[in-house]
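**Q** Here is how the chains run, residue by residue.
2 protein chains.
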Amino acid sequence: MSDPSPEVVEQLRQLLGEKGVRIQPDEVMPDVVLKPESTEQVSAILKICSAAGQALVPLGGKTGLANGHFQTDSELGLSLERMNAIEDLDAANRTMTVQAGCILQTAAEAAEAEELLLPLDFGARGSATLGGCLATNAGGNMVIRYGMARDMVLGLEVVLADGTVVTSMNKMLKNNTGYDLKQWFIGAEGTLGVITRVVMRLRPHPRSQNTALLAVDDFDSVGKLLRWLDGHTAGTLSAFEVMWPQYYEFITREGSAHRAPLPHGSAYYVLVETLGSNPEADAESFEMVLGEAMEQGLVSDAVLTRSQSERNAIWEIRDDVLELFKLGPMIPFDVSVTIEKMESFVNEIRTGMNKWDAPICIVLGHVGDSNLHVILGNENPEEFEYDALETLLYETVERYQGSVSAEHGVGLSKRAHLHRSRSEAELQLMIGMKKMLDPNNILNPNKIFSADKISAA
Amino acid sequence: MSDPSPEVVEQLRQLLGEKGVRIQPDEVMPDVVLKPESTEQVSAILKICSAAGQALVPLGGKTGLANGHFQTDSELGLSLERMNAIEDLDAANRTMTVQAGCILQTAAEAAEAEELLLPLDFGARGSATLGGCLATNAGGNMVIRYGMARDMVLGLEVVLADGTVVTSMNKMLKNNTGYDLKQWFIGAEGTLGVITRVVMRLRPHPRSQNTALLAVDDFDSVGKLLRWLDGHTAGTLSAFEVMWPQYYEFITREGSAHRAPLPHGSAYYVLVETLGSNPEADAESFEMVLGEAMEQGLVSDAVLTRSQSERNAIWEIRDDVLELFKLGPMIPFDVSVTIEKMESFVNEIRTGMNKWDAPICIVLGHVGDSNLHVILGNENPEEFEYDALETLLYETVERYQGSVSAEHGVGLSKRAHLHRSRSEAELQLMIGMKKMLDPNNILNPNKIFSADKISAA
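Top line first, the protein sequences correspond to chains S and L. Letter by letter, the first sequence follows residues 1 to 457 in this note's numbering. Letter by letter, the second sequence follows residues 1 to 457 in this note's numbering.
Chain S with its partners taken away, still in its complex shape:
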């Protein structure tokens, strides 16, 4: 593919003005990024690009983990960074109306100021945009309680490939008037339309938070513990994060930045958290429910946090995934399998890793959401075989009827493995949708599906 035609770029510059086009003619950064300031400008851009057959990559905070925002020289970037206003925060109705370029953390803080919660949170909160969160159907740390990004969207505005603006800014919890077309665009990774504005449902901000780190002796007990806690915390369970010992023990090893709140040597470490509304009663009930779990033998050891700093210390252990890279080259995978298959799935991966010397195989995950992060690599860079590791992992996922992408999406990174989690009939149906909504394949082409695959369908 060749660079964008100078005529098209000139037309866009006239439309958007100097501030609206960033041109960076270096080797590393994408060449041209458009920065519209209104839905009308997004529409005008798409009309021009549609007529010229010019491909575009919609850009949020570029924090995605599947290369869904990767931009080639022949593509134009379409950044919504200037469309970042919080247009409305309706405390009575508990909704917020936000432009797609608004940073997640900014939106969350605005909600918090009204004692409301935007219940979407993950590490990249300070850079990720709401538009990007919706385009990738982001997950994160509270999915077990509040769902994925999709589950908190009430309304949405999207610009189609041909420039048509579809405004569907519903603010009501119930609205069954025809097809729920916002769902088509959420999680579509910018391949079906450009999300420009959204209405998010807000929740009451929690007034209490209880956190514990638990040691568990076997995986059967992990599953039972999940059911026990979920059944006895009235829907307030907001995190059930499991660390396999290889993770926990490395992150809290002698000389690391983290103190180990529980001794090494257990089979599993589980971080649990509830979000409630009555600090005193919730703390008491949390302790009681965990005490009963210990009596039943589901938990062998426990630390309950007594302060925000103790809580942070435990979450920092859970979140310090980057520390692992000190071990050697590795690939972090984001997959799902149902909980009853998890133990055997992990064992099979471990067995598969035995063919290498010094393999790295580390597992942790949002087990309450069926979501595992599996990190595979090799301490010896010479023995690090990217393709073989990918094949081992994804073939096992396929055999376990799991998902090759739990929360990160497909982008470029998982395109080749999509068929392991989706049947031919499903893929054909998706491609039909893509062809209907973007007949010239100008919206984030080659993401999710390669252009070849689309033209062959």
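Simulated from the structure, these hints should not be mistaken for lab results. Treat each hint with caution, since some may be false.
The list treats identical chains as one, so a pair stands whether inside a single copy or across any two.
What the hints assert, rightly or not - Cut-off 30 Å, straight-line C-alpha distance, at most; resulting in silico cross-link-like pairs (DSS-like, lysine-lysine):
1) K355 - K62
2) K453 - K326
3) K47 - K62
4) K341 - K224
5) K19 - K35
6) K326 - K355
7) K341 - K453
8) K19 - K224
9) K435 - K224
10) K435 - K47
From a predicted model like this one, the values you see are computed outputs, not experimental measurements.
Model the placement of chain L on the given structure of chain S, informed by the hints.
**A** Frame of chain S; chain L shown alone:
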């Protein structure tokens, strides 16, 4: 349109056998209803009908309230009543896999036997099927806490108009592998495909239930009360049902089947309920939170139920909508408006009703979900003007940017008013989807969109 061709019916009879075709050649019931017993049979039926251009109406329990299951003489019914098995109830994973013809209540009871909750409940639970619930995205009495039917679906199998079977029976909470195509079919009222099997997410069964009927003096306090309760019950608030006094006072009038738990004369009556996990602590906290609401002046009088029979008595008042028909001919409407506009919306409808003598104007609703049921009519049958009432109501909904269908769907009943809640761009996009997935318009034709509208697009 003419009757189905005898050749097509004969072909289908050979496919399905005697038990699989019900022919009722009378004036009232539909003539031909097909009763497949497997997904393969549904697929074969659709292939035959697709080739012959024969229209079909997918049928669940036929309890829909928008005439989405209405079948003309020229259409074949496609009932999934024989596909009613619970294929799998996975307690560890907290999911159930069910054939679409399974009755909602049957599924709910199976979940309950495992101490799990299928959190979908409404009056027609004993007849409605899971397939119908999903096709209409059913709502009901616990939406504020658990969402609509859509929000509890993890996986789905659907047969397309051309007979293609698309099996997408995901059991995992997180799965971002390409477009979430199950969403396309949920709420599409059988116009895009026939849902044959589903995977539902189950929740822990509640261990406590607290219910109260509250009197509130003004609508501003209703809104504040909702926020207060939701903010102080940690997400356990499962019902916030408001009865305007005309409803409450008629249903509990002297000589009716219901005793009035609170005296007449208040501005609003609010039924609130929480579902928790600790009977003793939850009862105490419920009473405390309501007590504080009274101290703040949000509630002027309250009755807390102390037994299941007291609870039932209050819900029976809320649910006895049929009793209203004693007043005269009327139309029950199901609409949404955001909470801050509700009072003025209702006032405007009331003012509009003043042009008639003896008007009936009764309002109640799932106010926590923005959903109002407005019942309009006239005590004098001579003065009952169907069209004028519809116009008054839907024009007002349109002016308030509400939804002409909150939870009942569009079917035939609301087709003419869909444009009041959806823009031309939205409607065109929906029709594009319909044409892509059902090019011959054989799946529940004329529902949501008239055939004219589709062919004109």
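**Q** For every hint, state whether the structure bears it out.
**A** Hints versus structure:
no. : hint        : verdict
1   : K355 - K62  : neither (36 Å within a copy, 59 Å between copies)
2   : K453 - K326 : neither (38 Å within a copy, 62 Å between copies)
3   : K47 - K62   : within (24 Å within a copy, 45 Å between copies)
4   : K341 - K224 : within (14 Å within a copy, 46 Å between copies)
5   : K19 - K35   : within (7 Å within a copy, 63 Å between copies)
6   : K326 - K355 : within (22 Å within a copy, 79 Å between copies)
7   : K341 - K453 : neither (32 Å within a copy, 49 Å between copies)
8   : K19 - K224  : neither (57 Å within a copy, 44 Å between copies)
9   : K435 - K224 : neither (45 Å within a copy, 48 Å between copies)
10  : K435 - K47  : both (17 Å within a copy, 24 Å between copies)
Comparing the model with each earlier hint shows violations of hints 1, 2, 7, 8, 9; every other hint is respected.
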